[in-house]
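Let chain A serve as the given structure and place chain B on it in line with the hints.
Protein chains: 2
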Amino acid sequence: MSRPINRQILLASRPTGEPSVDNFRLVESAVPELAAGQVLVRHHFLSLDPYMRGRMNEGKSYAQPQPLDAVMIGGTVGEVVESRNEHFAVGDRVVGMGGWQEYQLVDAHQRGVLQKVDTRHVPLSAYLGAVGMPGVTAWYGLVKIIDPKPGQTVVVSAASGAVGGAVGQLAKARGARAVGIAGGPDKCRYVVEELGFDACIDYKQHGDVKSLSGALKAACPDGIDGHFENVGGPILDAVMLRANAFSRIAMCGMISGYNGEPIPLAAPQLILVNRMKVEGFIVSEHMELWPEALKELGGLVATGQLKYRESVAEGLAAAPEAFLGLLKGRNFGKQLVRLA
Amino acid sequence: MSRPINRQILLASRPTGEPSVDNFRLVESAVPELAAGQVLVRHHFLSLDPYMRGRMNEGKSYAQPQPLDAVMIGGTVGEVVESRNEHFAVGDRVVGMGGWQEYQLVDAHQRGVLQKVDTRHVPLSAYLGAVGMPGVTAWYGLVKIIDPKPGQTVVVSAASGAVGGAVGQLAKARGARAVGIAGGPDKCRYVVEELGFDACIDYKQHGDVKSLSGALKAACPDGIDGHFENVGGPILDAVMLRANAFSRIAMCGMISGYNGEPIPLAAPQLILVNRMKVEGFIVSEHMELWPEALKELGGLVATGQLKYRESVAEGLAAAPEAFLGLLKGRNFGKQLVRLA
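Residue numbers (the working numbering), protein chains in the order written: chain A, 1 to 340; chain B, 1 to 340.
Among these hints, one or two may not hold up.
Quick list of in silico lysine-lysine cross-link-like pairs, DSS-like style, CA-CA up to 27 angstroms [unchecked claim]:
(1) B/Lys-307 with B/Lys-116
(2) B/Lys-144 with B/Lys-307
(3) A/Lys-144 with B/Lys-149
(4) A/Lys-149 with A/Lys-328
(5) A/Lys-217 with A/Lys-149
(6) B/Lys-116 with B/Lys-295
(7) A/Lys-149 with B/Lys-144
(8) B/Lys-144 with A/Lys-144
(9) A/Lys-204 with A/Lys-172
Just so you have them, the derived chain B footprint on chain A, three or more residues with Cβ under 8 angstroms [what the hints assert, rightly or not]:
(10) 164 to 174
(11) 276 to 289
Because the hints were derived from the structure by calculation, they are not lab data. Please read these numbers as outputs of a predicted model, since none were measured by experiment. Each residue gets a CB set at the ideal place from its N, CA and C atoms; glycine is no exception.
So here's chain A without its partners, still in its complex pose:
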């Protein structure tokens, strides 16, 4: 019996500095026959996320590096097309970490490797965004680190992205003022008009820390009580200059330094002067909170109270270019690759 052909993208080499499409390689091969307990998933969408850049490096980080010549890591949603596992039936919609490939053959008895999802009220792709890892990331940093009180001001960088957009909307839902930082007038307009933030600063209009800090002062007349950091560098410096006493910074990403550029923090003494708390986190280390977070996020998406946008690249071969664009902020909202 003829088997489906699976196309996969491997990490071919590690980047020195900025990555390029040459760091990736597309291969294809037939899907093997299923062994007992296995499930074959046809991927509908692949998620592209900034954390993948870190995995491409060899150096010490919070996770093992992505191995060379192996399928790139990545979150996926799809449907079960073959099953030799009693817990999964053909047609089930599932979310998993299938990687950059069109099919995923999994030993589905491993707990948590594949989750069935309900697509009656939440679109399948949302399980890679607002009701998936990015959404829970936003939820954890906002709820567990920033913990905003009504009337407080929360700032988030990369505000039009999958994580940033959710941070601001969750902050608003808690009665806080939400101020975004994003690149370009279109993203800023979207953040305010569609996502309902109180203000959004276009960092491209501000060439230095002083100018950006001035814009933050105007947008945050009562100072900044919480900040969700996705970018780092001058943006973080500017935020710190406007931070209130007892403010909290959730350190989620520092994309400005992902290619090895130095990104010193100019004035760490402000952490002391303002009695700040700065805390880094990785959402996958807090799995015990995912059910609570996903319940809130799923409810908000189902009722239209949590909005998001998707940038969809078409076909697996487009994934490397789309990923490089994401690192440069060329995406607008959650970056996905459509695979079926």
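Quick look at chain B alone, frame taken from chain A:
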């Protein structure tokens, strides 16, 4: 009836960069007659502390600047020599914020302005050090922020000082490994041999971050789980290079930047990579915890389990020089000025 003469040191001008004795002025005047409710305290010791440097500046900080032409702020211990307050009797030993002067005339009905202390088991001067603000500072940062588990490694800078020495001993009492950083072989020997730290690094033997980081690696073979920062600058950079996952940094002081030098943090992305928590604090904002802290500290001092050392300058006129020396690390242990 002739009144005692009170000598006082005022802040005469604000320093630009490094302070000098010219920023201070000594004046004297007769102590007024007591009004009802007032107490006159003859100071025995004045405490000199790094935080005073921050108060000399005009800029925004966590506290109001020290006013010009007013008595310099400072903790004091002494004895009641006149009283028109039913709660205080002549001969009572008291601790307060009497400032840089020989006598303090206080409206002692204000709650907390003057505290009677018991000198049967704890020397009077210790209420300015191990059983006073520096001790509680050490206790708060160690217990409430670092919260070391048995077997974890805690590093503290300025380890021979009043705060640092207590941090390491409190860490040892909790079963942690204590590693100090101090300036010079005498201080390092004292930290290990007298205070019982497991190791102490002489930062003067290490000219750059890399060298200091290497020394930390040797002294902390299992990495660093908690760090109590009194200094900042290259010392903090070196510590961060050895920080473990989920490590905590209590930011207590950044004396390396007190004169306005830039002290950027080289690699803030390590906060994310290592999921660190970095938290600044001011001990006077946590008064609700002082009784618990002072009980532990007083007990440890009374039983000889918490050791400390004092540098004593003689006479009020010596205070400015002693203070400038403290900022340069010339003191050895808690810096006091004997006033009687």
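Hints, one by one, checked against the model:
no.	hint	in the structure
1	B/Lys-307 with B/Lys-116	holds, 23 angstroms
2	B/Lys-144 with B/Lys-307	holds, 21 angstroms
3	A/Lys-144 with B/Lys-149	holds, 22 angstroms
4	A/Lys-149 with A/Lys-328	violated, 33 angstroms
5	A/Lys-217 with A/Lys-149	holds, 20 angstroms
6	B/Lys-116 with B/Lys-295	holds, 15 angstroms
7	A/Lys-149 with B/Lys-144	holds, 22 angstroms
8	B/Lys-144 with A/Lys-144	holds, 18 angstroms
9	A/Lys-204 with A/Lys-172	holds, 25 angstroms
10	164 to 174	violated (count 0)
11	276 to 289	holds (count 8)
Hint compliance for this structure: hints 4 and 10 are not met, and every other hint is.
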